[in-house]
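Listed below are the residues making up each chain.
Protein chains: 4
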Amino acid sequence: MALETVTPIRVRYAETDAMGIVHHAVYPVWMELGRSDWLRELGQSYSEWEAQGVMLTVAEIKVKFRAPARYDELVEVHTRMREGGRRKVVFEYEILRDGVRLVEGETVHLVAGPDGRSRTMPEHLIEFVKRGIGEA
Amino acid sequence: MALETVTPIRVRYAETDAMGIVHHAVYPVWMELGRSDWLRELGQSYSEWEAQGVMLTVAEIKVKFRAPARYDELVEVHTRMREGGRRKVVFEYEILRDGVRLVEGETVHLVAGPDGRSRTMPEHLIEFVKRGIGEA
Amino acid sequence: MALETVTPIRVRYAETDAMGIVHHAVYPVWMELGRSDWLRELGQSYSEWEAQGVMLTVAEIKVKFRAPARYDELVEVHTRMREGGRRKVVFEYEILRDGVRLVEGETVHLVAGPDGRSRTMPEHLIEFVKRGIGEA
Amino acid sequence: MALETVTPIRVRYAETDAMGIVHHAVYPVWMELGRSDWLRELGQSYSEWEAQGVMLTVAEIKVKFRAPARYDELVEVHTRMREGGRRKVVFEYEILRDGVRLVEGETVHLVAGPDGRSRTMPEHLIEFVKRGIGEA
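Protein chains in written order, with this note's numbering: chain A, 22 to 157; chain B, 22 to 157; chain C, 22 to 157; chain D, 22 to 157.
These are calculated hints, taken from the structure and not from any lab test. Only true hints are included.
Intra- or inter-copy, both count: the list cannot distinguish identical chains.
DSBU-like cross-link-like pairs, simulated, lysine-lysine; straight-line CA separation at most 35 angstroms: (1) Lys109 with Lys151; (2) Lys83 with Lys109; (3) Lys109 with Lys85; (4) Lys151 with Lys85; (5) Lys151 with Lys83.
Full structure from sequences and hints, please.
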């Protein structure tokens with residue numbers, strides 16, 4: 022079965038803007054927190070990936086905003102990996118507050134080495150990722 | 022003719038991350054700077070829109086990353102409005118360094134009042150926007 | 022006895038910079054999280070203060086950096102209020118990782134109304150603050 | 022004579038918070054922009070320092086807030102180096118809007134190598150810095 026993780030986040034004052042709501046550029050940061058937790062919960066944190074010379078660069082990001090979040094609210098980032106290949110992975114996210122969906126997002130990542138160049142994932146990480154998307 | 026503005030940005034150290042490149046969540050902030058300049062150059066800055074009770078909330082954002090930017094580099098945000106309606110506007114962006122395209126982006130905005138509720142643009146702003154997209 | 026709270030924070034990738042460490046401008050944000058938790062734990066969150074028309078504007082900030090934090094590390098913000106008057110309060114902070122002190126900080130706040138103008142704290146908040154600093 | 026540089030900054034929407042003003046953690050970022058411009062104007066940008074293996078780590082930061090800045094305003098960071106040694110330098114800053122002083126700040130930096138360890142400045146950078154503080 023595919024892994025879905027839930028990352029609770031308390032909204033920071035610094036994350037709000039003059040409209041009194043969370044600034045839209047904050048959501049990609051929260052999605053990154055969701056991604057970190059997903060990898061950690063599956064068993065290899067992203068810092069362990071980096072230590073093995075495997076980076077996930079961000080190639081694409083999409084976010085749809087349904088409703089705003091505000092200071093001090095408690096939101097949840099729900100994270101799944103939708104596609105896991107040896108050169109590319111796709112994550113998807115929902116951000117909720119009290120069960121209400123505020124935001125949906127998607128990020129596309131390319132596998133790269135520490136120099137930023139494209140590479141393929143080592144075999145054990147491919148297995149790892151397959152487990153995360155419920156294919157192994 | 023449609024207005025295209027060019028916003029020069031010097032990359033800040035605080036905008037980089039541990040990969041040594043600009044963090045991906047910074048690009049929506051730069052796109053917002055491009056949008057601000059586009060409105061200012063057309064003749065009504067976004068703070069003047071706000072003063073008239075007309076907000077452009079962010080409903081959707083898409084960014085494609087081609088190549089990274091680094092500390093102290095000088096990049097340019099090229100901004101156009103692609104669609105300008107009375108309830109919705111769409112901006113598109115290209116971010117370049119020395120003529121090389123680093124990033125392409127798009128943002129969809131809904132027209133709202135100070136309370137965040139949907140409203141239609143007043144007539145003079147509709148004319149204004151039409152001028153910006155080259156339809157008036 | 023004076024209240025001291027401990028706020029755990031997992032370092033975000035977006036908080037690092039090209040030196041591979043947490044950017045120094047992030048620490049005031051973490052100190053603000055510590056402050057929020059201190060008020061919440063004492064019994065009135067800062068959003069409740071705001072709802073009563075009482076703001077704590079930041080008048081001064083000092084931070085000393087001993088050692089850096091890095092991506093994915095778990096740090097702790099220890100927060101105390103050192104001085105609690107009806108017009109001014111002072112918080113102090115220590116940020117630790119595994120018992121090692123990374124950063125010390127201090128913030129001075131002035132009491133203000135929603136318009137940003139100086140005011141005095143209402144009586145029940147003065148009592149509240151006195152309890153927090155161990156004087157009531 | 023000591024060098025003083027002036028860095029103009031247009032306030033970004035993302036830099037504001039729910040109080041409608043610039044969040045206090047933004048000012049250290051602006052001070053860093055001032056520092057970058059001071060070094061560039063003196064003749065060696067900070068990225069050139071880095072390329073020579075000389076970093077200026079931030080050891081201490083102090084900021085006093087007199088008055089707030091708001092979205093779209095044009096502020097100026099005035100930067101001077103107050104003390105320039107072979108192991109430590111001190112910068113001071115004033116941030117103004119239309120001649121009104123909003124913020125005063127100070128940062129203390131230690132000279133370090135790419136590994137983050139303390140080192141002394143090479144001779145030509147010591148001369149460079151002396152010129153900047155008006156001692157050569």
